[in-house]
Amino acid sequence: MTKGVRESGRHYLVIGHWSLDIRHSDLFRHSDFVIRAFLTMPFGSLRLKLLIWYAAALLAVTAAFGSLLYLDFRRSLYDEVDGRLSRQATALAGSIQPESERSFYVELAAEQVAYFDQDGESAPYYAIWDRAGQLVDQSHPALAIPVPAAPGAWQRGDGREHALQGPAGSLVLVGQGTHEESRRLARLLAIILVVGSAVLVLTLAAGWFLTGRALAPIKRISEAAATVSASNLAARIDVAEMETELGELATTINSTFDRLQGAFDQQTQFTADASHELRTPLSIVLAQADLTLKRVRSVPEYRDALETIRRSARRMKSVVEGLLVLARADTGALALVKEEMDLAPAVDDACRLLTPLAAERGVQLEMRLEPFSAWVDRERFAELVANLVGNAIRYNREGGRVEVRLRRQNGEALLEVADTGIGIPEDELPHIFERFYRVDKARSRALGGSGLGLAITKWVVEAHGGKITVASKVGAGTTFVVVLPRG
Amino acid sequence: MKILLVEDEEDLLQVIGTALRESGFSVDLAADGETGLAKGESEDYDAIVLDIMLPRLDGWAVLSELRKTKTTPVLLLTARDAVTDRVEGLNRGADDYLTKPFDLDELIARLRALIRRSVGSPSPIVTLGTVEIDTAARTVTKDGQPVELSAKEYALLELLALHRGRLVTRTMIYEHIYGEEDDTLSNVVDVYVSNLRRKLGGELIETRRGQGYIIR
Chain A
1 MTKGVRESGR HYLVIGHWSL DIRHSDLFRH SDFVIRAFLT MPFGSLRLKL LIWYAAALLA
61 VTAAFGSLLY LDFRRSLYDE VDGRLSRQAT ALAGSIQPES ERSFYVELAA EQVAYFDQDG
121 ESAPYYAIWD RAGQLVDQSH PALAIPVPAA PGAWQRGDGR EHALQGPAGS LVLVGQGTHE
181 ESRRLARLLA IILVVGSAVL VLTLAAGWFL TGRALAPIKR ISEAAATVSA SNLAARIDVA
241 EMETELGELA TTINSTFDRL QGAFDQQTQF TADASHELRT PLSIVLAQAD LTLKRVRSVP
301 EYRDALETIR RSARRMKSVV EGLLVLARAD TGALALVKEE MDLAPAVDDA CRLLTPLAAE
361 RGVQLEMRLE PFSAWVDRER FAELVANLVG NAIRYNREGG RVEVRLRRQN GEALLEVADT
421 GIGIPEDELP HIFERFYRVD KARSRALGGS GLGLAITKWV VEAHGGKITV ASKVGAGTTF
481 VVVLPRG
Chain B
1 MKILLVEDEE DLLQVIGTAL RESGFSVDLA ADGETGLAKG ESEDYDAIVL DIMLPRLDGW
61 AVLSELRKTK TTPVLLLTAR DAVTDRVEGL NRGADDYLTK PFDLDELIAR LRALIRRSVG
121 SPSPIVTLGT VEIDTAARTV TKDGQPVELS AKEYALLELL ALHRGRLVTR TMIYEHIYGE
181 EDDTLSNVVD VYVSNLRRKL GGELIETRRG QGYIIR
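Residue numbers (this note's numbering), protein chains in the order written: chain A, 1 to 487; chain B, 1 to 216.
By construction, these hints were calculated from the structure, which means they are not laboratory data. Just so you know, not all the hints are guaranteed correct.
Stated by the list, open to error - Distance windows between CB atoms, simulated:
hint, chain 1, residue 1, chain 2, residue 2, range
1, B, Arg117, A, Ala216, 55 to 65 angstroms
2, B, His163, A, Leu260, 31 to 41 angstroms
3, A, Pro356, B, Val119, 38 to 48 angstroms
4, A, Glu340, B, Ala38, 51 to 61 angstroms
5, A, Ala234, B, Leu167, 52 to 62 angstroms
6, A, Thr469, B, Arg56, 26 to 36 angstroms
7, B, Ala109, A, Thr469, 25 to 35 angstroms
As the list claims (entries may be wrong) - Some chain A residues close to chain B (C-beta under 8 angstroms, calculated; not the full set):
hint, residue
8, Leu286
9, Met316
10, Ser318
Glycine residues also receive a C-beta, built at the ideal position from the N, C-alpha and C atoms.
Using the sequences provided together with the hints, build the complete structure.
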């Protein structure tokens, strides 16, 4: 019924032969190229790409269904014809009267004569040959049927033929035209083609519409994403009407925008703060110089002016140094040089450097240090201690105390710096590690703070894999707790 | 001319204060927003120099609050130079804007221009008959001849000239030509007036007994 035909080294697809290997055919090489072209199409034609895949799948299913329908119908038609022919051939064989082993005569019954006497394009006919292949009898004198090589059933021209071995070496063939069957098959094929094409076209149209609808949110997402830029971070994708998956995507993109905006805002704020921190001392220097140079001044006036200028210059220096440290930390250029050391003497050294400051402010500095060995950057660790203890002294009250404790807890170093100072209001606590955040602006500046100390301290702690926390009560004091792993 | 200077940076406050005093202004100082607002509301300054980033009450808040009761010219000082900041400042009722770091001379020139505009005479030259006052150069001539005046004499003359045709009370004089650091003695004003009459002619300044002075 179906078969693959091999001809001059090429495979051809014959309907019904699904397992045929056509991988090396020109046809497939071409379609492979087309498929690859579809797969690499730009994003804009995703809709077309989807539709083509959809159409290919649909075409394959429709074609398979149509072929099966057609082939099954043809088989049942021909089986029916073949059955009829087989019965007639058997009956015909029964009419053969053997005379000897090699000779016979034919005697047809009346209904058989009538049967084969029918007229029309599909009229049945028969032929009988003897053992030698000599035609003995046939229904119509004009018939010119080739002698079949063996019994069986086959198609010849527009008809089916059935041959079987009769008695005394005879060969009986019964045939019949199949014009009616062919017409029915042609009609079925036409119906399959028309209905199949209609279904294909309709479903493709629906597919085009549906993919368009499904992809519309992607267009919206991409449009919204395109309007977001460094100068306009406020745009967001409207997720209200989006289907689940795309809604999720849009939400994800939106939250990325949120984080981006947060980062940009922070950066803008930081730049503005840094500019402010430098502009203020710079204006003092400039204004003081302008004023002093207006006329000849007395020596004390010059001295005062220079002291003011030096104060401002020092402030700028500390801001610039802090900014440099943080900028290097941000870009990862500031690497820690860790070594294993006992933290207790390091804390002690850092505190000793601050004893004059403590004495000047009338603050009592107490230390309770247990030895703890850890891998730390010596210089940064000293800076960390100096920052925390320095703050504890500066923001203390006259006659206050600063307690520095170092001990082991769960295998980690626990460094506590507690003061009896002015404290930090609760709503300000979350911000104190932010760059340039000052709880008491005037006081911090008067004390020469750059506004970056705690930001740097936090960076140092986190770069060591540690954690810094703060607890404070206004009027009672503040305690910073640093937890550092062994390294 | 009396200026209120609101600035939280102690050094900057002192430097600008001194510079303004040396330029003939009387100056009151405030180191935070609350003090600044209180002073600005209780007195009639000729102009206010206001920093934006202030402790307790920031410059924006001071400005908004002040504008409810006063039309005193305000010059904003800020360390930010974003356009939005300048626009916001002007929209909230500031009259001028300077970004830190600034030039002292520019600050003073802008303050003088602000004050002139606020009393309705944009030109720095005020002519009173044969007497001519250059409020930018702070010089006075009579019949084309320069006249030497002390700082307070000049301040008094300028005050009267800028309020020409209007009565200037003794209270106004105290408020406008004396700063917080001056000792105010009432009879000193009479001395200044008689000095001005001697140098510029007796008919220039009229006395309204028990009320004040006026230049017609």
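Verification of the hints:
The hinted range of 55 to 65 angstroms is satisfied by B/Arg117 and A/Ala216, whose Cβ atoms lie roughly 58 angstroms apart. One distance hint, 31 to 41 angstroms for the beta-carbon pair B/His163 and A/Leu260, is violated here, with the actual separation near 57 angstroms. About 56 angstroms separates the C-beta atoms of A/Pro356 and B/Val119, a value inconsistent with the hinted range of 38 to 48 angstroms. Between A/Glu340 and B/Ala38 the Cβ separation comes to about 60 angstroms, which falls inside the hinted range of 51 to 61 angstroms.
Against the hinted window of 52 to 62 angstroms, the Cβ-Cβ separation of A/Ala234 and B/Leu167 comes to about 56 angstroms, which satisfies the hint. For A/Thr469 paired with B/Arg56, a C-beta distance near 29 angstroms keeps the hint of 26 to 36 angstroms intact. Under the hint 25 to 35 angstroms, the C-beta atoms of B/Ala109 and A/Thr469, about 53 angstroms apart, miss the expected range. A hinted interface residue such as A/Leu286 counts as satisfied when its beta carbon comes closer than 8 angstroms to some beta carbon of chain B; here the least separation is about 5 angstroms, so the hint holds.
Interface hint at A/Met316: violated, since its Cβ lies 11 angstroms from the closest Cβ of chain B, which is beyond the 8 angstroms cut-off. Interface hint status for A/Ser318: violated, as the beta-carbon distance to the closest one in chain B is roughly 15 angstroms, over 8 angstroms.
Hint check: violations occur at hints 2, 3, 7, 9, 10; the rest are consistent with the structure.
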